[in-house]
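Participant: Fit chain X to the known structure of chain F by using the hints.
Those protein sequences? They're chains F and X, same order as listed. Letter by letter, the first sequence follows residues 274 to 432 of our numbering. Letter by letter, the second sequence follows residues 4 to 477 of our numbering.
Since the hints were made in silico from the structure, they are not lab data. Some clues are possibly wrong.
FRET-style restraints, in silico, Cβ to Cβ [to be verified]:
1) X/178 to F/284: 24 to 30 Å
2) F/288 to X/332: 47 to 53 Å
3) F/300 to X/208: 46 to 52 Å
Under the rule of at most 25 Å between Cα atoms (straight-line distance), these lysine-lysine pairs were calculated in the BS3-like manner [what the hints assert, rightly or not]:
4) X/10 to X/435
5) X/121 to F/324
6) F/346 to X/435
7) F/275 to F/329
8) X/30 to F/276
9) X/264 to X/375
10) X/10 to F/329
Covered by chain F, according to a simulated footprint, are these stretches of chain X (three or more residues, beta-carbon under 8 Å) [claimed, not checked]:
11) 100-106
12) 422-433
Note that the Cβ used here is the ideal one computed from N, Cα and C, for glycine as well.
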Amino acid sequence: MKKEQLGELIIASEDTLYHVAKTLLYNDADCADAIQEAIVKAFTNLHTLRKDSYAKTWLIRIVINECYAIMRKQKNIVSLEEYQNQEAVWPEDYSDLYEAVSQLPKESRICVTLYYLEGYSVKETAKILDVTESAVKNRLMRARERLRSELEQAVSTGI
Amino acid sequence: MRLEDLKYEFPEMPKEMREMIEREVEKQVKTEHPQFQRGRKTVGRTIAASIAAVLLFGTTVYAGVRAYRLTQEPTGAHGVEVKITGEDDTKKAPLEISDVKMEVGYVPEGMVQTEEGKYSYETDLQKGGVSLVLYKMDTGDEQFEVRHDDVSLSENFTVNGYEGVYLEMPHLYEDDISFNQRIYVAYTDVHYVLEMYAASDVTKEEAMKIAEGVKLVPVGEGEGAANISAYNWSEYQEIAEANEQYADADLEENRTIPEEKMANTHAVGESFPSGQEGLTLKVKDVQVADDLSLLNPALVDEELKNETDENGRLLPADIQYIKEGDADSLSEVVRSRQAAQKLVYVTVEYTNEGEEALSDVLFVGTLERIAKKDGQMQMFSEAYYEEPQEGDAWTNACNRGLSSFWEMYYYDVFGGEEHKNYIDSILPGETKTVHMGWIVTEEELDRLYLNLDTCGGMEFSDSSLALGYVDIRQ
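Only chain F is shown next, with the shape it has when bound in the complex (with noise of 0.2 Å):
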């Protein structure tokens, strides 16, 4: 693949890079970084890619790579629902389901997002994801679960 291929499939694939690390990471900065930190690295090592039909996934990988570099590197770092407690900036526009896919664990969620959002497989996501199959299936039958109950506390709240 050449350059010039390589930076079309990233502009036709920005929205997709989007909701991958907005699925890991809370906050626009961060994913930001994440997806111009994961646009280099993808040029720099673009001569490692021996099959153009494997680009895209190998391409959410690197992102999914950087989010986690992120993620580990952030020092005070805090969960969810401490940051909601402090009255933290939650912008109040995002939708219900939204914010409950954002509550899951980090494994079910990126599940959720490329299987549901962006329409993989379970056998895509699987490799996506370096994991099983197995594991994707579980992943996502919890997250549903998990999901139903606090869809459903939160219609029947009117939160």
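Facilitator: Below, chain X alone, put in the same frame as chain F:
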């Protein structure tokens, strides 16, 4: 609200971020990037660089530091515990760990980096190869402890002055690849540990050479294609514990239900509501074949073609009965047999009986295996083809054919942004038809139920029971 609605509910990317991406892409397209040298042995220079790096870090560690050893101790005839122990006759010193990145100085000819820390042979990209992880012992070197069962070979070795342990596990299937080797190298003077997973397509000698070619460099230097960041050991342990909650065993309780809970089972030809307003489903017909002639040839992939003989007939699946290894024994295939495979081809109709057009309709079909046992309905697990009975010498029955995949392997409608299993639109009164295909073993035909719940299967979930399974048993 449905998870499928996440595409409408997800926050939009800020305009500034979109502009940043486009600027960065433009900049990178114009930038010349240095190439990583593949297949070039840099062992000589690597050793010198490693020692230099270590000496550099050595000056930042306080005097009187504990000496550590990487050891392996048997936990059984085939069990090993690898851990770091401190020498008792030296003082404990405060731990000051400099940040480093790992550089991989050697990869075998033909092997390429697929992502950070992962290398595969070009002939088998994304399968096999090696995966390297670097742990920063943030809570102390003596916290490092891993246990392995089913170990066929364990050896101590020294590389670049550091202690290492090599482990090998059985590789049961010669026609497949498994990650059956582990290498640990403890850089105890700088408080890092390397863990390498090596697959069966990498020789032990090559795996050791890769370990030998690893060097640690200070963060900020040597930015290039082969840098690998370190994980805190404490975080790794947290993740490992969190992942345990997703163990398959937890699903057992949801795989058996009273027969009456399946009262909402539908027949072929019956229309029923999908749960989405206005949308009804109907399995119009079910066909079973010995070959792939019912399928659109343009949509048959190589993997499916490889499941047929020279006459196009489906080959039988190999069912292998494995006794799993433990600390005292090795995994082995105790017996095997063949099971004839069939194509199950189902026609499903999605009808919009509402007044509004439906768009981006997700469709999923899972072939569950359900049978009545002791007055209850039991769902079989995709992961385990058969359950061992008392007295059986095996622990797992592994179906090595394509019939081991229960999600729809074939479908002929494509939509959505990714051109996948979506119906782009169904107008009021319109019906769209999807053909789905699976490979199953002949002996499972009498226990097949089709689950059209978009949440998928694996257990008797509330959503699947509410939707109702379709009885397509033959």
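Participant: Given the hint that residue 10 of chain X pairs with residue 329 of chain F, test it: the Cα-Cα distance must not exceed 25 Å.
Facilitator: The hint holds at about 19 Å.
Participant: Would the pair residue 30 of chain X and residue 276 of chain F pass a check requiring their Cα atoms to be no farther apart than 25 Å?
Facilitator: holds (11 Å)
Participant: Would you mind confirming whether the straight-line C-alpha gap from residue 264 of chain X to residue 375 of chain X stays at or under 25 Å?
Facilitator: holds (12 Å)
Participant: Within a Cα-Cα threshold of 25 Å, do residue 121 of chain X and residue 324 of chain F meet the stated pairing?
Facilitator: Status holds; Cα separation ~15 Å.
Participant: Confirm or reject the claim that residue 300 of chain F and residue 208 of chain X have a C-beta distance inside 46 to 52 Å.
Facilitator: Taking Cβ atoms as reference, residue 300 of chain F and residue 208 of chain X lie about 48 Å apart, which means the hint holds.
Participant: Checking one constraint from the list: CA of residue 346 of chain F to CA of residue 435 of chain X, max 25 Å. Satisfied?
Facilitator: Given pair residue 346 of chain F, residue 435 of chain X is violated - Cα atoms ~50 Å apart, limit 25 Å.
Participant: Is the listed coverage of the stretch 422-433 of chain X by chain F valid when you require three or more residues with a beta carbon under 8 Å from a beta carbon of that chain?
Facilitator: This one holds; 3 residues, not fewer than the three required, reach chain F with a Cβ under 8 Å.
Participant: So does residue 178 of chain X sit 24 to 30 Å from residue 284 of chain F, Cβ to Cβ?
Facilitator: For residue 284 of chain F against residue 178 of chain X, whose Cβ atoms are near 41 Å apart, the range 24 to 30 Å is violated.
Participant: Between the stretch 100-106 of chain X and chain F, see if three or more residues pass the 8 Å beta-carbon test, and mark the coverage as holds or violated.
Facilitator: violated (count 0)
Participant: Quickly compare the C-alpha distance for residue 10 of chain X and residue 435 of chain X to 25 Å and report which way the hint goes.
Facilitator: OK: residue 10 of chain X and residue 435 of chain X at ~22 Å, within 25 Å.
Participant: Evaluate the given range 47 to 53 Å for the C-beta pair formed by residue 288 of chain F and residue 332 of chain X.
Facilitator: holds (51 Å)
Participant: Residue 275 of chain F and residue 329 of chain F: Cα distance at most 25 Å?
Facilitator: Cα-Cα ~14 Å, so holds.
Consistency with the previously given hints fails for numbers 1, 6 and 11, ordered from lowest to highest.
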